[in-house]
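This is what each chain is made of:
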Amino acid sequence: MLAVQLGELLDGAPEGVGAALDVIAGFDEALARGLGRLGEDGSLQALAGALAGSPLGPVAAEAAEKIAIGGLGDERLTAMAAGRSAVFGAVHDALLARLDGALGRERIAWEDGPAGEPAAANLLSGCRSWLGELAIAGWRGVDHDLVSASDPVVEALLAEPRLRRLAVLLDGFAAELRASSPVATMERLPVRRWADLWARALLLARGAGSTVPAGTVSGRLLILGAEVHEHATAVQVRVHGILEGGDGPRLVRAGVAAAKVDTITGPAVWNLLGDHPALLAALAEHRGLDVQDMPVAGGGDLVWDDGRANAGEPADPFATARVRLAEASAPAVPPLERHPVRIAEPVLLEGYTVKDGKLELDGHSIELDLDRLPPSGPLTPQLVAASTSCIGLVRWDDRWRVQPLAVQATVRKKPVEAHNGDWAQGPTDPKVVKAEARSGDVVAVLRERAGRLLRK
Amino acid sequence: MEKAPWERSSAVRVVPPVQPRKLAKVPFVELADGRLRGVVSSGSDMARVYVSSFEAGSHDFGCSTNNNRPCGGLSGYPCKHLHALADEAVKQYGLDRVARYLRVEVGEDGDLVGAMGGSRAKAPAAAVFSRFLRHLSYLEVPGTAEPLPEMDWFPAFGAVR
Ligand SMILES: [Zn+2]
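Chains A and B supply the protein sequences, listed in that same order. Counting from 45, one number per residue, gives the positions in the first sequence under my numbering. Counting from -19, one number per residue, gives the positions in the second sequence under my numbering.
Worth flagging that the hints you see were computed from the coordinates, not collected in a lab. Do not take every clue at face value.
To be verified - Some chain A residues well away from chain B (every beta-carbon gap over 12 Å; in silico):
(1) G114
(2) E199
(3) P226
(4) R264
(5) P311
(6) E357
(7) V398
(8) K399
(9) R439
To be verified - Ranges between beta-carbon positions, derived for each pair:
(10) M230(A) x E85(B): 17 to 27 Å
(11) A363(A) x E85(B): 28 to 38 Å
(12) G470(A) x R77(B): 53 to 63 Å
(13) G470(A) x P122(B): 51 to 61 Å
(14) A203(A) x S55(B): 36 to 46 Å
(15) G60(A) x D89(B): 36 to 46 Å
Keep in mind the model is a prediction, meaning the values are calculated, not measured. Backbone N, C-alpha and C define an ideal beta-carbon position, used for all residues, glycine too.
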C-alpha cells in the first residue's frame, strides 16, 4: 500500500456514513434500555425511515409501529434486526468501495448460489425466543437467570453441525453477558457490539446464511498470513492467501476452527487444530500449498479439507505480497456478511515509521491495531514498533486501522521477521516454551477428566 | 456527552483475559451467579471431585463431593479444597478481579481466604458440577472448516507480555 493510497483511504468518511451510523446508534441505545420500554423513543421509526424506498422499508415501518405499542413478536424483531443490518450493509459497501478504490483492487461480483437446507426448525425457534427476551429486557435488564436460559439452547445448537455458526456466535455472546451480569451495575455498555451480535444471531436463527459450497478450486496457494479469532469456547485460525491458477491470482481465505474452554489459551490453541497438518506445516515453515479440488464458498472462503492440500515449496509471504498482491482480485462479499467488521483486506506496507501506535508513511498516518496481536504468535507491540515492513489487514471499526499479520523489523541491529502463524507447530521462542511447560498440557488434563467423568 | 469510541466499536474486548494455569488440581473455576465456584480433584481418588464455592458478599463457603456428600475436611474454616479453589482463581483471573467479585477487602499480604470471614453454609453442588461437565463436553465437539465469519467480532486479543 503506497502513501498516496493511504491518503485516498483516509480522506474523510464516505458520504452518508455518519448519518447512517447515527441512526444505528439510536436503535442501539433503545435496545440497551429494552424494546419493552420504549416510551416516547422514536429511534425505531428513525431506523425504518432510513430504509424508506428500499424493499425492507414498509416491513420495518410496520414493525417499528407495532413494537412501540408492545407488539414484540418474533417477526417484528427480526424485521428490525434485518433493517439495522441493511443500514450497516450500506455502510460496509461504502467503506469497502473506498478501500478497493484506493488499492485499485478489483472485486468479483456476487452471484447467488444454491441455498443450504434450513436445519432444525425447533432449535432455531428456541434461539429466537431467547433473543426476543433479551430485546424486551434490554442489556440493562440482563441478569444471571436470563443468561442461563441460553444454556440449553446453545448446548442443542452445538450438537447440530449445520448450525455451528450460530452456536459459536451465541455462545460467545452469552459468555459476555454472563461475565457482565447483572448488567445494570455496569457503568458503560458495548452497545454497538451487543446490538451487532444480537442482530446477526437473529438473522442466522431465521435460517439466513446457510449455503452450500459454490464449487471447487485447484492450484497453488501462497500464504500471506494468518489471524486468530478466539472467545472462551471457540478458536478459529483464518489464513489469507493468494490462489494461483485458473482465472489469474485471487485472494482467498480459509478458516479452521475448534471448540475449546477459556483455560486453553495462548500457543496451546494450536494443539486443537491438529486435524489440519498440511495447513499448520505451511504456516510454520512458510511453504506454499498445492490444493486439488478444494471446496470453495461463495465469498471466496475455502472450505478447508486438509486431505486435498499438500505443503509444497518454500514461499516467503513477503515475496508473495511484493510480487503478487497488487494484481490479485478480491472475492465477492456474501450479502448477509455485509458489515464493516468483515472488512479485512490484506495489504503490504513498507518503508514507514511507527510512532505512538500509528504507522506513518510520507505524511499519512494510520492507527495500528495492536490489541489484535494474538497471544498464540510471536508478534508483540515492541516488534511492530521496531518494524519497517508489514503484511497487514486493513480493518474498519469506527475508524480505519491496520492489523499486523507479519512484520520485518530491526532489533539490536539484526533483521528479525515474525508471522502470526510461526508457532503453528509449537512455539519457537524458548521463553514461551518454558512458560507453556509450566502450565502443562492443559488439553490432555481436561481430556482425561472428560474421559473419567463424562460417560458415567 | 460525546460518546467514547468503545461504545461505538464492534470488535472490542468485554471479558477480561484469563491467564493459563495448571489444571490438574482444580480443573474448573468460574465467577458466576454471585459465587466463586469450581471443581477440585480429590488427591486420593481419581474418579472423585469436590465442588467448592464462596458466596460474594456474605463470604459463606461450602464444599461437598459431586455426589453431594459433605467434605470431611470442612469445619468452621475453609478446607484445603476451598484454599486450592481460591489460589487457582487468583491465577486465572487475577486477585483484583476475584476480590472485586466477592467484595473482599484484601490486605497487603494478598491473602484472599484470610480476608473473608464467612461461615460454612450449604451450597448448590449439582448445578456447578453440571456446569463443569458441560465445560468438559466442549473438548468433544468436533472441529470445523466451515467459515465462521461471526468470529470477526472475536479477535484473539493480545496478552500482556
Ligand atoms: Zn473440601
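Enumerated hints in conflict with the structure, sorted upward | 2, 3, 5, 9, 11, 12, 13, 15
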